[in-house]
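Visitor: In case you want the letters, here they are:
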Amino acid sequence: MKQSKSSFEWKKVTESRLFFPLVAFALIMLFDLIFIPGFFHLEIKQGHLYGNLIDVLRNSAPTIVLAMGMTLVIATGGVDLSVGAVMAIAASTACIMLNPNLVGYKLADVTRESDPTYSFTPLFFVFLVPLIISAICGLWNGLLVAYGKIQPMVATLILMIAGRGIAQLVTNAIKIIIYNGTFLQLGNGWLFLLPAALYVAAIVFAIAWFITRKSSLGMFIESVGINSRSSFFSGIDEKKIKLFAYVFCGICAGIAGMVAVSSIRTSDANQVGLYFELDAILAVIIGGTLLGTGGRFSLLASAIGALVIQATTTSSLAIGVPASALIAVKAVVVIVVILLYSQQVRDFIQKITSRTSQKEAKS
Amino acid sequence: MAESGNEIVTMKGIYKSFPGVHALEDVDFTLGKGEIHALVGENGAGKSTLIKVLTGVERPDKGTITLDGKEVSIRSPQHAQEMGISTVYQEVNLCPNLTIAENILIGREPMKWGSIDWKTMNSNARQILHGLDIDIDVTQTLGSCSVAIQQMAAIARAFEISSARILILDEPTSSLTTHETEQLFGVMRKLKSEGMAIIFITHFLDQVYEVTDRITVLRNGKLVGTYATATLPRLELITKMIGRTLFEFDDMTKLKLESRQHIKGDALLQAKGLGRSGSIQPFDLELHAGEVVGLAGLLGSGRTEIAQLLFGIDKPDSGSITMDGKALKNFSPFSSIERGVALCPEDRKVAGIVADLTVRENIILAMQASLGWFKHLSLQKQYEIADKYIKLLNISTPSADQPVKNLSGGNQQKVILARWLATNPRLLILDEPTRGIDVGTKAEIQKLVLSLAEEGKSCMFISSELEEVLRTSHRIVVLRDQEKIAEYTGEVGERKIMQSIAGSD
Chain R
1 MKQSKSSFEW KKVTESRLFF PLVAFALIML FDLIFIPGFF HLEIKQGHLY GNLIDVLRNS
61 APTIVLAMGM TLVIATGGVD LSVGAVMAIA ASTACIMLNP NLVGYKLADV TRESDPTYSF
121 TPLFFVFLVP LIISAICGLW NGLLVAYGKI QPMVATLILM IAGRGIAQLV TNAIKIIIYN
181 GTFLQLGNGW LFLLPAALYV AAIVFAIAWF ITRKSSLGMF IESVGINSRS SFFSGIDEKK
241 IKLFAYVFCG ICAGIAGMVA VSSIRTSDAN QVGLYFELDA ILAVIIGGTL LGTGGRFSLL
301 ASAIGALVIQ ATTTSSLAIG VPASALIAVK AVVVIVVILL YSQQVRDFIQ KITSRTSQKE
361 AKS
Chain Y
1 MAESGNEIVT MKGIYKSFPG VHALEDVDFT LGKGEIHALV GENGAGKSTL IKVLTGVERP
61 DKGTITLDGK EVSIRSPQHA QEMGISTVYQ EVNLCPNLTI AENILIGREP MKWGSIDWKT
121 MNSNARQILH GLDIDIDVTQ TLGSCSVAIQ QMAAIARAFE ISSARILILD EPTSSLTTHE
181 TEQLFGVMRK LKSEGMAIIF ITHFLDQVYE VTDRITVLRN GKLVGTYATA TLPRLELITK
241 MIGRTLFEFD DMTKLKLESR QHIKGDALLQ AKGLGRSGSI QPFDLELHAG EVVGLAGLLG
301 SGRTEIAQLL FGIDKPDSGS ITMDGKALKN FSPFSSIERG VALCPEDRKV AGIVADLTVR
361 ENIILAMQAS LGWFKHLSLQ KQYEIADKYI KLLNISTPSA DQPVKNLSGG NQQKVILARW
421 LATNPRLLIL DEPTRGIDVG TKAEIQKLVL SLAEEGKSCM FISSELEEVL RTSHRIVVLR
481 DQEKIAEYTG EVGERKIMQS IAGSD
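Residue numbers (our numbering), protein chains in the order written: chain R, 1 to 363; chain Y, 1 to 505.
If you are wondering where the hints come from, they were derived from the structure by calculation, not from laboratory data.
This one's a predicted model, so the numbers in the text were calculated from it and none came from an experiment.
Possibly wrong hints are sitting among the right ones.
[Claimed, not checked] Here are a few chain R residues that sit away from chain Y, every Cβ distance over 10 Å (derived from the structure):
#, residue
1, ILE158
2, LYS214
3, THR266
[To be verified] Keeping only pairs whose Cα atoms sit at most 20 Å apart, straight-line, the calculated DMTMM-like set for lysine to aspartate or glutamate is:
#, chain 1, residue 1, chain 2, residue 2
4, R, LYS214, Y, GLU210
5, Y, LYS52, R, ASP237
6, R, LYS239, Y, ASP314
7, R, LYS351, Y, ASP401
8, Y, LYS375, R, ASP237
9, Y, LYS349, Y, GLU338
10, R, LYS149, Y, GLU194
11, R, LYS351, Y, GLU338
12, R, LYS239, Y, GLU338
13, Y, LYS329, R, ASP55
14, R, LYS214, Y, GLU338
Glycine is no exception: its CB is placed at the ideal position from the N, C-alpha and C atoms.
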């Protein structure tokens with residue numbers, strides 16, 4: 001009797017959406033524990049926590065933020081390939097607003113290049129305008145997908161390609177170095193022992209969770225993803241739902257872009273957010289939301305998915321994998337996780353576990 | 001009875017359980033060569049599970065399957081096919097973007113010089129369909145054909161598998177017209193005379209009596225018995241299927257007579273010259289509170305089109321709708337729900353259920369949609385509503401948190417009904433609410449419609465089964481070729497309506 005009860009609970013655990021992402025994360029941590037001495041070493045320097053683990057958390061912040069928006073888009077049955085490019089647009093916009101003189105616009109009389117207190121535009125707008133622009137980018141994607149009925153992959157590919165060009169135009173194709181201290185805090189600052197970027201990710205996660213799970217939006221998004229015709233018959237405006245998802249995804253990309261550019265201190269339209277769309281999509285897939293068909297989603301699982309990707313990167317670098325070969329290592333992790341999600345493999349695992357439990361029951 | 005020794009399949013003592021349900025308990029089944037064998041029972045009786053066991057989709061927990069006297073274990077649908085068991089499923093399972101010929105011959109394309117010989121393939125396909133008395137361009141894509149043609153293509157595909165000795169037809173006729181059904185029966189009889197063993201699953205009892213030799217009845221996963229069709233009276237069959245007698249049907253007639261008094265004089269909804277080119281000719285229609293209006297007509301006669309116009313799925317291009325004396329301007333499902341109109345759509349799978357959402361979420365979906373994004377129903381309230389309708393409609397589900405895809409067809413239909421009842425509509429349009437569900441649940445739904453009318457709701461009842469329309473409706477509108485032909489009030493004979501549908505006097 002006791003036996004059956006415990007196996008029932010075990011089943012509940014394995015069926016949880018968080019199970020596979022957590023297992024993947026735990027496996028990477030286990031690997032680090034064995035092969036990388038001092039990986040879990042944490043120390044406090046000048047009121048900041050330092051260590052590999054903290055690096056993983058800090059560096060995963062932009063991907064977590066992106067993954068929140070991407071989760072909603074994928075849940076509606078779509079995908080947004082343009083987030084990396086939108087990150088670059090947002091980053092370039094923020095930088096040009098901080099100091100347009102660097103690009104030769106000569107808008108101010110004095111060039112105060114390396115003054116950490118200087119900002120050409122009030123800081124509030126430096127943060128706000130890129131968000132508005134990235135929301136417009138999302139709106140563009142959403143209009144093409146929801147109202148233009150263009151396949152999401154094609155529709156967002158347009159901005160993925162055009163976006164980097166736009167970002168170049170904004171900064172006259174010049175790399176802008178950021179000196180403003182407050183803006184730099186976003187990617188490099190610390191707050192209560194932890195990196196500031198992590199708080200940004202946490203806030204975006206909380207907002208995304210709140211607007212999807214504390215309103216009916218989450219259910220509508222899932223419903224549209226699973227069966228858009230049934231949803232339409234039930235009075236749900238599937239176009240508006242999709243539009244919302246893309247706009248939200250655009251805003252997330254804008255935030256991620258500012259965090260990313262702040263941490264690398266230079267706006268480079270060709271580098272900011274490069275390949276981030278792939279990381280974000282992978283994070284969502286690892287989190288168990290189905291690409292292509294959409295439907296049920298879990299923001300927490302996507303966030304853990306983002307951690308898995310960053311942990312892979314950090315661990316690979318720590319054991320000496322050259323940066324150029326990183327993508328190959330990521331591919332391996334992705335293959336393993338995706339295999340775990342495949343129904344075939346799951347049935348196989350279930351067969352094995354049910355056999356062993358039968359043996360146990362017999363003995 | 002098939003003589004012993006003639007059996008091609010013998011299933012003995014089959015058990016199969018799913019989490020929380022015993023789908024099959026100690027079921028025996030035999031199928032003889034050259035026999036058409038009906039498998040009947042209510043929803044959840046275990047018909048589909050039995051078929052899945054036979055076709056290798058599910059493995060039985062216990063029991064043996066003997067094929068040609070040898071005990072076999074069927075590992076997969078493909079394995080079943082290799083052994084000569086071929087199946088046509090309830091829902092068409094083909095590729096809509098391929099041509100008819102490709103669909104029929106996929107995997108068995110005739111080859112020439114290492115590539116597909118299209119000419120031979122098309123002419124083969126044409127020939128196969130010709131055997132079914134269907135003359136159609138086989139190079140058009142399947143998706144552009146009617147559901148009936150798609151269904152025929154699926155059947156053609158199933159028995160085209162040359163080694164097929166056993167053909168399983170799971171509700172093949174639910175979307176066919178009378179003529180097409182006749183064609184199908186002709187083909188079935190021909191195959192039977194060639195020695196094919198056919199299992200025929202259907203909810204239409206007429207068809208059971210028309211075409212089958214034996215009947216096996218299942219109820220709640222248990223075997224009730226196997227009978228020779230000729231010796232089993234229809235009433236007895238129904239009694240065996242639902243485990244109770246049919247006095248309830250007499251109750252319904254009484255209920256209908258009583259509820260007639262409650263019909264309001266003023267029209268709740270009035271359509272004047274309403275039409276949409278290509279789908280329905282302009283028509284006039286009045287719907288009253290407390291009244292059930294039945295739409296009778298063949299598939300494609302404009303029944304569904306009327307329902308979708310009234311609910312705002314499609315926009316009319318002529319005429320007007322007034323509700324409570326006011327002309328309507330906005331046409332969308334959302335504004336219809338706001339007005340108190342509900343549509344339980346024809347195709348449960350495509351436009352009804354949201355498969356991966358739970359029973360609870362499916363039930364509150366339309367209600368929540370009308371409230372909007374931010375007037376979020378609390379979880380407690382959601383459970384309250386879901387539990388209320390699970391009880392009211394007698395939905396059999398382990399819990400309100402079960403994904404709706406795990407429920408049987410009839411119960412899914414009830415969930416969709418619950419979704420619309422939860423919006424508290426004044427006008428409820430039911431498009432084929434009883435398609436593909438069992439006799440018992442059918443009667444339940446018909447009764448429900450009448451009692452809703454008695455409560456003062458206006459109902460529109462659409463069904464391919466004329467008998468059902470007659471039994472539930474106070475007034476019947478007859479459609480033919482996308483046109484409203486006639487309207488009958490009071491008791492009318494089935495014959496008169498049929499003549500009106502057929503267009504002869």
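Visitor: Name the hints, by number, that the structure is in violation of.
Guide: Per hint list: 2, 4, 5, 7, 9, 10, 11, 13, 14 violated.
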